[in-house]
Amino acid sequence: MKFTLSWLKEHLDTDAGLEAILTTLTDIGLEVEGVENPAARLSGFRIARVLTAERHPQADKLQVLSVDAGDGPVQVVCGAPNARAGLVGVFGVEGATVPANGMVLKKTAIRGVESNGMMCSSRELELGDDHDGIIELAADAPVGSAFADFAGLDDPVIDVSITPNRQDCMGVRGIARDLAAKGIGTLRPLAAVYRMDVLAPIDGSDAAPNVDTLDPDGCPAFYAQAVSGVTNGPAPKWMADKLKAIGQKPISVLVDITNFVSIDLGRPLHVYDRAKLSGALVARKATDGEQVLALNGKTYTLDASMTVIADDREVHDIGGIMGGEHSGVADDTTDVLIECAYFTPESIARTGQKLTLTSDARTRFERGVDPAFLDDGLAIATKLVIDHCGGTLSAITRAGTPPTTPRVVTYDPALCLSLAGVDVTAEEQVRILTALGFVVDRGDRWSVTVPSWRRDVEGAADLVEEVVRIHGLDKVPSTPLPRTPGVARPTASPEQLVERRVRRMAAARGFNEAINWSFISEKEAAAVGGADWTLANPISEDLKVMRPSLLPGLLAAARRNADRGASAIRLFEIGRRYFRNEDGSSKERATISLLLAGERAARGWRTGKAQAFEAHDAKAEAIALLAAAGAPVANLQGFGVDAGDAAIWHPGQSGSLRLGPKTVLAEYGVLHPALVKAFGLSGSVVAAELYLDAIPAKRKSGFMRAPYAPPALQPVRRDFAFLVPHGVEADALVRAVRGADKTRIIDARLFDVFTGAGVDEGMKSLAIEVVLQPADKSFTEADLTAISAAIVKAAEKLGASLRG
Amino acid sequence: MTGFFEIMSEVAALKSGLLADIAAADTADAVEALRVGALGKSGVVTALLKTLGGMSPEERLEKGPPIQDLRESVTAAIAARKASLEQAALDARLAAERIDMSLPADIGPVGSVHPVAQVMDELAEIFADLGFSVATGPEIEDDWRNFSALNIPETHPARAMHDTFYFPDTDAQGRSMLLRTHTSPVQIRTMMSQQPPIRIIAPGRVYRSDSDATHTPMFHQIEGLVIDKGIHLGHLKWTLETFLKAFFEREDIVLRLRPSYFPFTEPSVEVDVGYTMEKGQRVIGGSGDADNGGWMEVLGSGMVHPKVIAACGLDPAEWQGFAFGTGVDRLAMLKYGMNDLRAFFDGDLRWLRHYGFSALDVPTLSGGVGA
Numbered sequence: 064m065k066f067t068l069s070w071l072k073e074h075l076d077t078d079a080g081l082e083a084i085l086t087t088l089t090d091i092g093l094e095v096e097g098v099e100n101p102a103a104r105l106s107g108f109r110i111a112r113v114l115t116a117e118r119h120p121q122a123d124k125l126q127v128l129s130v131d132a133g134d135g136p137v138q139v140v141c142g143a144p145n146a147r148a149g150l151v152g153v154f155g156v157e158g159a160t161v162p163a164n165g166m167v168l169k170k171t172a173i174r175g176v177e178s179n180g181m182m183c184s185s186r187e188l189e190l191g192d193d194h195d196g197i198i199e200l201a202a203d204a205p206v207g208s209a210f211a212d213f214a215g216l217d218d219p220v221i222d223v224s225i226t227p228n229r230q231d232c233m234g235v236r237g238i239a240r241d242l243a244a245k246g247i248g249t250l251r252p253l254a255a256v257y258r259m260d261v262l263a264p265i266d267g268s269d270a271a272p273n274v275d276t277l278d279p280d281g282c283p284a285f286y287a288q289a290v291s292g293v294t295n296g297p298a299p300k301w302m303a304d305k306l307k308a309i310g311q312k313p314i315s316v317l318v319d320i321t322n323f324v325s326i327d328l329g330r331p332l333h334v335y336d337r338a339k340l341s342g343a344l345v346a347r348k349a350t351d352g353e354q355v356l357a358l359n360g361k362t363y364t365l366d367a368s369m370t371v372i373a374d375d376r377e378v379h380d381i382g383g384i385m386g387g388e389h390s391g392v393a394d395d396t397t398d399v400l401i402e403c404a405y406f407t408p409e410s411i412a413r414t415g416q417k418l419t420l421t422s423d424a425r426t427r428f429e430r431g432v433d434p435a436f437l438d439d440g441l442a443i444a445t446k447l448v449i450d451h452c453g454g455t456l457s458a459i460t461r462a463g464t465p466p467t468t469p470r471v472v473t474y475d476p477a478l479c480l481s482l483a484g485v486d487v488t489a490e491e492q493v494r495i496l497t498a499l500g501f502v503v504d505r506g507d508r509w510s511v512t513v514p515s516w517r518r519d520v521e522g523a524a525d526l527v528e529e530v531v532r533i534h535g536l537d538k539v540p541s542t543p544l545p546r547t548p549g550v551a552r553p554t555a556s557p558e559q560l561v562e563r564r565v566r567r568m569a570a571a572r573g574f575n576e577a578i579n580w581s582f583i584s585e586k587e588a589a590a591v592g593g594a595d596w597t598l599a600n601p602i603s604e605d606l607k608v609m610r611p612s613l614l615p616g617l618l619a620a621a622r623r624n625a626d627r628g629a630s631a632i633r634l635f636e637i638g639r640r641y642f643r644n645e646d647g648s649s650k651e652r653a654t655i656s657l658l659l660a661g662e663r664a665a666r667g668w669r670t671g672k673a674q675a676f677e678a679h680d681a682k683a684e685a686i687a688l689l690a691a692a693g694a695p696v697a698n699l700q701g702f703g704v705d706a707g708d709a710a711i712w713h714p715g716q717s718g719s720l721r722l723g724p725k726t727v728l729a730e731y732g733v734l735h736p737a738l739v740k741a742f743g744l745s746g747s748v749v750a751a752e753l754y755l756d757a758i759p760a761k762r763k764s765g766f767m768r769a770p771y772a773p774p775a776l777q778p779v780r781r782d783f784a785f786l787v788p789h790g791v792e793a794d795a796l797v798r799a800v801r802g803a804d805k806t807r808i809i810d811a812r813l814f815d816v817f818t819g820a821g822v823d824e825g826m827k828s829l830a831i832e833v834v835l836q837p838a839d840k841s842f843t844e845a846d847l848t849a850i851s852a853a854i855v856k857a858a859e860k861l862g863a864s865l866r867g
Numbered sequence: 503m504t505g506f507f508e509i510m511s512e513v514a515a516l517k518s519g520l521l522a523d524i525a526a527a528d529t530a531d532a533v534e535a536l537r538v539g540a541l542g543k544s545g546v547v548t549a550l551l552k553t554l555g556g557m558s559p560e561e562r563l564e565k566g567p568p569i570q571d572l573r574e575s576v577t578a579a580i581a582a583r584k585a586s587l588e589q590a591a592l593d594a595r596l597a598a599e600r601i602d603m604s605l606p607a608d609i610g611p612v613g614s615v616h617p618v619a620q621v622m623d624e625l626a627e628i629f630a631d632l633g634f635s636v637a638t639g640p641e642i643e644d645d646w647r648n649f650s651a652l653n654i655p656e657t658h659p660a661r662a663m664h665d666t667f668y669f670p671d672t673d674a675q676g677r678s679m680l681l682r683t684h685t686s687p688v689q690i691r692t693m694m695s696q697q698p699p700i701r702i703i704a705p706g707r708v709y710r711s712d713s714d715a716t717h718t719p720m721f722h723q724i725e726g727l728v729i730d731k732g733i734h735l736g737h738l739k740w741t742l743e744t745f746l747k748a749f750f751e752r753e754d755i756v757l758r759l760r761p762s763y764f765p766f767t768e769p770s771v772e773v774d775v776g777y778t779m780e781k782g783q784r785v786i787g788g789s790g791d792a793d794n795g796g797w798m799e800v801l802g803s804g805m806v807h808p809k810v811i812a813a814c815g816l817d818p819a820e821w822q823g824f825a826f827g828t829g830v831d832r833l834a835m836l837k838y839g840m841n842d843l844r845a846f847f848d849g850d851l852r853w854l855r856h857y858g859f860s861a862l863d864v865p866t867l868s869g870g871v872g873a
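Protein sequences appear in the order of chains A and B. Sequential numbering of the first sequence, starting at 64, is according to our numbering. Sequential numbering of the second sequence, starting at 503, is according to our numbering.
Note that these hints are calculated values from the structure, not bench results. Because the structure is a prediction, the values reported are computed rather than measured. One or more of the hints may lead you astray.
[Claimed, not checked] Label-pair distances were calculated between CB atoms; the ranges are:
1) 714(A) / 855(B): 49 to 57 Å
2) 212(A) / 790(B): 32 to 40 Å
3) 589(B) / 667(A): 29 to 37 Å
4) 855(B) / 170(A): 54 to 62 Å
5) 212(A) / 855(B): 57 to 65 Å
6) 605(B) / 571(A): 20 to 28 Å
7) 174(A) / 790(B): 34 to 42 Å
8) 604(B) / 585(A): 36 to 44 Å
9) 855(B) / 169(A): 46 to 54 Å
10) 862(A) / 855(B): 45 to 53 Å
Note that CB positions come from ideal geometry on N, CA and C, so glycine has one too.
Modelling step: build the complete structure from the supplied sequences, incorporating the hints.
This is the structure we're talking about:
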């Protein structure tokens, strides 16, 4: 919301300076976004008279002028066709900067003739589009004085950010009212602002226009007045200057009046050319598929939920949002109808959202314009039309009834202290509320009548906000939050603790944490099993579906790093994968994924050639991180990956780690070469994805640790080599061995795999070191023989035989 | 019968001869050969020792000590010579094993924690001290929790400010599903599932359909909520001051509270923090009204709207409190000096290593929350 300082002062009688006003605006919740004085850009531009104008000796289209800008004649070369002796215009002196192009003026020679400074066009000063000639001022304009002062441009333009609850401040008057409440001057009576004796409807004698509302929900009230015999044309200078100052282009006085009132009072209006209307003008619901060509030149297709203003032929206005092109006023308009209606905010919001159409009118109506201001708004508009366009007035038609029943809030002034923590006296609270337009009926509990323009104030808390906002938030004393005695208690949830542990373990193991988008492309999602959630309005095709895996994000990040020349890539991310529950709600699975690409070890003086990552690198990381997460890693079983994930992994170099067949804690392995290639990577890329939400929570026991005493006797180690069929997995054999004597075998570790000489085709040799722990007395030979026999027997069940 | 003096001079000569030979032996083998020659079964010293058995007690008393001395001296000299040769051999071997210690040693890959994760841990640590638990909620939310319950009805202009990502789907209750635009739905979830008093923070990913130099479609927020009896705006002010001082690890944090508007708080307060220009950079600290200072918007906050409390099934006449929200990525930028938000989500290893944190930089109150 932009306005100028002088515009504000039309409503606010104040001696306060600009700085005080700006600070106060921000302090009371009308945040100043910017302030700019156009005069600052026009320093160095003065009013000057052309004394003589001669043809340039070398160029037909140029003239050599002698110009007086207050310091005596100066020679200037000028190409403007309207430059002539006697003209009073705007002269840029040497050193001035031309606003339109940033050029700094200096003494120069144009086709051999010296030129000092420049006579300027409107466009060069960014005051308009006119570039056909230089600016022509009145002959009596004060030569030598600053042009900005003369043109009334020494008027700071203030830009204030208005929060959506403050429709009343979508007009300069509302802002003035707030400032007055804060003690920055006094609010002038509105009638005085508009030079009216009394603010009251001005009834005319022409017949009242035939308007009506058939849509009391969307348009509860439609007031209108006609003016005949008007003369349209340019707006008066004061109005045009104000509009221009805030960046609005003056169009014609009839249009400018509606824009001016909208900005000045937050009251949108619409003016129709009656000659272009046919029959009665009514507010009604549109019919499905009905179309209207709006003032922005676009055609909108409407539906039956939208309120329009139409005559008996066509729609002339998307009610409260934008007028139609066909019935707008033009230069030759003589008879007008002024519409001052109340549109229901919710209806405006819905229509605006559906049509994705924004306008100054929509912004105001959807926030809720003052429903009690229809008569006054119409009176002001009518007065401006009569003053500036002439004509004769009709009687007023008031169709429907605006929702003007005032809201009364019961209020206990003590709430200010209990909610805002600041003690404001009852008298001061009354003063503030009254200044803002509230009517306070003091009693044991106050009855506060909310002004019609403050639709946002609904309850006691809102009144506290009004009081505190004006009283000053800086006066709220900082008050320590009561705290529980003692040491702060742990506050993280088990899930967060797991995430923290795996995060720091992954970082400790050499991985760099990345954060990737939660959304990926459909194509990427398809490669990793497909997405359950697709955005209706994605920002791009690349960010369209919610990821079912963290791997595409890591692959893409790895690709970017590879493109930047990274030779070893170890990335991880902790985040969610997104699925859908049967009831349609979101199922978000906490996950850590890691990816290893490039060189496992660079070539080195100790290690020789560079090494690539292998499947078991991923397995090692998966187990280490699961251990860090508190998973019972000793109980993990190896399985293949899920059938649905077949496209992700190398079919022969991948696996999953599970607690029982159904509880998958992790998948890991070499990524499928096709997937790797799809992401523009090459070589062996390995990864692991750990499902943190599948890790069972630890059960609490009496002590924080299970009891343990280190055994007194030395453990005994025995090696076994078994021949097993190729298809038997090592893990199964190790498990069988370990299971042969659950009390005395405390560890079994596979340390060698061998195929080749001495091992039959289709078989492999697996060597396992078994650790046996004696309890209270050492093993006898008979004990060890018995355990060995049990181990061999357990292995034989898997088709293994002890290697001789 | 050999006389005493003959014997004595023979022993003395033998001793000096043996000691000289031992001293001259330059290999372990030579020393061993001397040992065998002197002390072995048929060694010369052994032979002398054997003669002691055949002597009369008087003679043994006379001749025994010199012979015993010979044995002890030779034994000690051999041990000393052996040790000395071993030491020399070890020294020689070690000297031969010298390598170029300036050759590089590979310390293995160095990992890092993302600044956003680090800052979230810092915040959790600070707020734990103030008694705030960490709460979470889904990122795919329904429009009731993201908007309606927060006093943002469908037609509210504030919805337009949010640039929401929608799904075409609805849940079992027919509510539209969307990506949460803020962490505030966690307030609703917490108040609906938990009896006051409540003190939570809710960090997490949030989404808005916005992408330019300073906006990314996904970013991180942290939400704070206190619901209790007698909690007022002054407590909010203190909490934010205290938190920002702890977070930025500066005592000169100055806040400016401005009235603002959020549908779910009343009164609503926007919080600016003062910064000081240092070498062309905005550094948090000092008053924004100082000559080289300014104000930066860092937080939105306010007293929880009675309608929101009521929507969660609590009695607003009994319970009140405050809520606040801020951008985690932005806090990270302000504290650690990054200037491009988009780099947070690019996964550039160079950036991650530079701005990331060591695994051991766990924020703690005793060790400081900044690293």
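*Structure versus earlier hints, numbers of those that do not hold, lowest first*: 1, 7 and 8
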